[in-house]
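S.K.: Between the sequences and the hints, there should be enough to build the whole structure, so can you do that?
As they're listed, the protein sequences go chains Z and A.
The numbering used here puts the first sequence at residues 279 to 636.
The numbering used here puts the second sequence at residues 45 to 425.
A hint or two may mislead.
[What the hints assert, rightly or not] Derived EDC-like pairs: lysine to aspartate or glutamate, alpha-carbon spacing no greater than 16 Å straight-line:
hint : chain 1 : residue 1 : chain 2 : residue 2
1    : Z       : LYS426    : Z       : GLU390
2    : Z       : LYS439    : Z       : ASP472
3    : Z       : LYS453    : Z       : ASP481
4    : Z       : LYS280    : A       : GLU298
5    : A       : LYS416    : Z       : GLU390
6    : Z       : LYS522    : Z       : GLU553
[Unchecked claim] Not close to chain A: a few residues of chain Z, all C-beta gaps over 10 Å, as computed:
hint : residue
7    : MET279
8    : SER352
9    : ARG391
10   : ASN422
11   : GLU455
12   : ARG463
13   : THR554
14   : THR577
15   : PRO578
16   : ASP606
17   : GLY617
[To be verified] Some chain A residues near chain Z, calculated using beta-carbon distances under 8 Å:
hint : residue
18   : THR351
19   : ALA352
20   : LEU355
21   : ILE371
22   : ALA417
23   : THR421
By construction, these hints were calculated from the structure, which means they are not laboratory data.
Glycine included, C-beta positions come from ideal geometry on N, C-alpha and C.
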Amino acid sequence: MKVLAALSGGVDSAVAAARAVEAGHDVVGVHMALSRNRDEYRTGSRGCCSIEDANDARRAADKLGIPYYVWDLSDEFHDRVVTDFISEYEAGRTPNPCVRCNEYIKFDTLLERAQALGFDAVATGHYARIVIRKDGTRELHRANDPDKDQSYVLAVMGPSKLARAMFPLGQMRSKAEVRAEAAVRGLGVSNKPDSYDICFVADGDTKGFLERALGTRPGDIIDENGLVVGAHAGAYGFTVGQRKGLRLPRPAADGAPRYVTSVDTARNVVTVGPETLLSVGTLRGSKTVWLADDVPAMTPTPCLVQVRAHGAAVGATVVRDGDSVVIDLDEPMRGVAAGQSAVLYAGTRVLGQATIDR
Amino acid sequence: MSPLRPAAREAWIEASERIGNPSSLHASGRAARGLVEDARERIAAALGAHPTEVVFTSGGTEADNIGVVGAFWARRNEQPRHCVILTSAVEHHAALDPARWLARHHGAQSVEIDVDGHGSLDLEHLAHAVTAAAGEVAVASFQWVNNEVGTVQPLADVVDLMERHGIPVHADAVQGVGHLPFDFAASGLVSAAISAHKVGGPVGIGALIARRDAQLAPVIHGGGQERRLRSGTVDAASAWSFAIALDEAVRDLESEAARLTAMGERIERLLRDAAADACIHGPTHANAAPHIVHAIIPGAPGEALLTALDLAGIDASPGAACTAGVIEPSHVVEAMGYDAAAASQTLRLSMGWSTTEADVDALGQALAPAVKAARATRAAV
Chain Z
279 MKVLAALSGG VDSAVAAARA VEAGHDVVGV HMALSRNRDE YRTGSRGCCS IEDANDARRA
339 ADKLGIPYYV WDLSDEFHDR VVTDFISEYE AGRTPNPCVR CNEYIKFDTL LERAQALGFD
399 AVATGHYARI VIRKDGTREL HRANDPDKDQ SYVLAVMGPS KLARAMFPLG QMRSKAEVRA
459 EAAVRGLGVS NKPDSYDICF VADGDTKGFL ERALGTRPGD IIDENGLVVG AHAGAYGFTV
519 GQRKGLRLPR PAADGAPRYV TSVDTARNVV TVGPETLLSV GTLRGSKTVW LADDVPAMTP
579 TPCLVQVRAH GAAVGATVVR DGDSVVIDLD EPMRGVAAGQ SAVLYAGTRV LGQATIDR
Chain A
45 MSPLRPAARE AWIEASERIG NPSSLHASGR AARGLVEDAR ERIAAALGAH PTEVVFTSGG
105 TEADNIGVVG AFWARRNEQP RHCVILTSAV EHHAALDPAR WLARHHGAQS VEIDVDGHGS
165 LDLEHLAHAV TAAAGEVAVA SFQWVNNEVG TVQPLADVVD LMERHGIPVH ADAVQGVGHL
225 PFDFAASGLV SAAISAHKVG GPVGIGALIA RRDAQLAPVI HGGGQERRLR SGTVDAASAW
285 SFAIALDEAV RDLESEAARL TAMGERIERL LRDAAADACI HGPTHANAAP HIVHAIIPGA
345 PGEALLTALD LAGIDASPGA ACTAGVIEPS HVVEAMGYDA AAASQTLRLS MGWSTTEADV
405 DALGQALAPA VKAARATRAA V
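M.R.: So this is what it looks like as structure tokens:
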């Protein structure tokens, strides 16, 4: 197959590309330049798209003996991911930019460009497994290493994109194994620190990033009875379930900790209350992407649901109705914010995903 | 760049063995010096210059830096009023960036003369600019041949005009030498930058051809090995290899120009067949170099076009790339009056001594599918 390997400059994508080469594919490496201020050298493990990353990606391609190109997707990334990230917070929701990037950049813009240039598949260093059944059906599964599993942020790609994706690291037992393999293959990035957090928030300070983008918008923090109990610099900076950083002048009457229970950016009001008010028994979602035609879930279907990239999956029952889903949780869950992705699993298999409305 | 000519490779290997003899340090030192001087004489002879006028550098970029920065410093030291640099926005970065850097950090005023839709200098604008900057011009720096679109600038007219005002002219001649006849003495230029690898010599060496009366200050400091203007030990083997390559290029210049022009015509036709709406600059146009064909192909991102052509075995270049490897809109095409989108939909094909009709055949095979694929990537977004 003609495979386009996305090379970020990190160890995962380099090993993924190496494995694709070893599997006998005709592999070409592409580094996506996503940042507009790309003339910066990385410091520590934060940030992305630096000159150093581009150089590391190029060196990995050199080592593997594959052609290498840099594609500038910074405009698409800015418009589809960064702008969306800001406007979602501005609307009082909690977006996941990695999901968005997979949906619109890696498995859309990149995949479509690759196809136009004659590639059959795009290989990335994501940790997830694609299982092909005897009848040819493709299933997306969690990676073997549960700590590194990224199926949560990949579910959004849907079946047609999944058919053109390759995740050569899905079977790896651990990141240490990937690093060891990189070292054996002579890939210079074997010791490169992991990147984490949001790549375009270089200093890791999401609140500061949003403040620079949206400015301060002072407003009230109220309690469940509508009483003003504090002040904030912008409702967009809060997430349902948040406890830290509220800076309330007085404790609650009963002394119990208070949590953000709702964020209303239209009125610029943040509501806080006791933990009990955070509990939800039912999640409603829309923009559903379904990956399992054989488990259509048109009638109540038992499953597992995960609502955060690093959260646990919990028991639930799901029913689909067109674009929407209703997820009844076996046990109430707390701190679920609109805008988050709910990914539904059967065992390790991804059934589908939806964006939580409330 | 042109691949290394076999004769230049032989010359380099032979020279490096000869001067690398460690058993006789003094003799080998003498041999190296002698070889550098042999190279200097040959290069001077090939370009209508005196050997003293050949100053070896690390390449065209350094030569342009001395020609612009060195001239600015020397002229302003002599007369503080000399603070204007006349240049154009279509210069190669090697000449453009030093002028802009001087403007940003050293109080220079860089005046960039307009070009027309073909990248050709607007001589009327230049005449106005000279009058406006009466007596304040330190140096005029203009390229001979544009590296992206192949336009040959009217340097003789520029020199005529500048001579009347006593303004020294530096030329970035990197893309012209070896493809067009060049006689430094007759050119009226004060200095000209040239590069070995553009004529089939090795990478890492070039020269500034500078008149003996040129007012130039050094830009790097040290032993002053080259006419006290350029410091650092000259790479003798590379200098010799450069001289051999240049000799060959100048010897074959006429027949090669005819051969490349004919191939260029074919490439122009192929481009038109692959993209009827392409805006093409090539050897068949007036004031064009024989070895560069350039096209602006609407709807075909240079990035995708380059990928598609490279995968088909064609080395093409869409324009400039930043340090991270991202292809940027061409500043040349933008200066010609096109928008940023058009300046990102460019394709530059250059030919040299090693280019064959078979290469053009291969290009003919690859071009139409590549344009189609590149356009499809845009539709996909």
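S.K.: Does each hint fit the structure? Answer for all of them.
M.R.: Hints and how they fare:
no.: 1; hint: Z/LYS426 <-> Z/GLU390; result: 27 Å, violated
no.: 2; hint: Z/LYS439 <-> Z/ASP472; result: 26 Å, violated
no.: 3; hint: Z/LYS453 <-> Z/ASP481; result: 24 Å, violated
no.: 4; hint: Z/LYS280 <-> A/GLU298; result: 45 Å, violated
no.: 5; hint: A/LYS416 <-> Z/GLU390; result: 14 Å, holds
no.: 6; hint: Z/LYS522 <-> Z/GLU553; result: 13 Å, holds
no.: 7; hint: MET279; result: 14 Å, holds
no.: 8; hint: SER352; result: 8 Å, violated
no.: 9; hint: ARG391; result: 4 Å, violated
no.: 10; hint: ASN422; result: 33 Å, holds
no.: 11; hint: GLU455; result: 30 Å, holds
no.: 12; hint: ARG463; result: 22 Å, holds
no.: 13; hint: THR554; result: 48 Å, holds
no.: 14; hint: THR577; result: 38 Å, holds
no.: 15; hint: PRO578; result: 39 Å, holds
no.: 16; hint: ASP606; result: 39 Å, holds
no.: 17; hint: GLY617; result: 25 Å, holds
no.: 18; hint: THR351; result: 5 Å, holds
no.: 19; hint: ALA352; result: 6 Å, holds
no.: 20; hint: LEU355; result: 7 Å, holds
no.: 21; hint: ILE371; result: 7 Å, holds
no.: 22; hint: ALA417; result: 5 Å, holds
no.: 23; hint: THR421; result: 4 Å, holds
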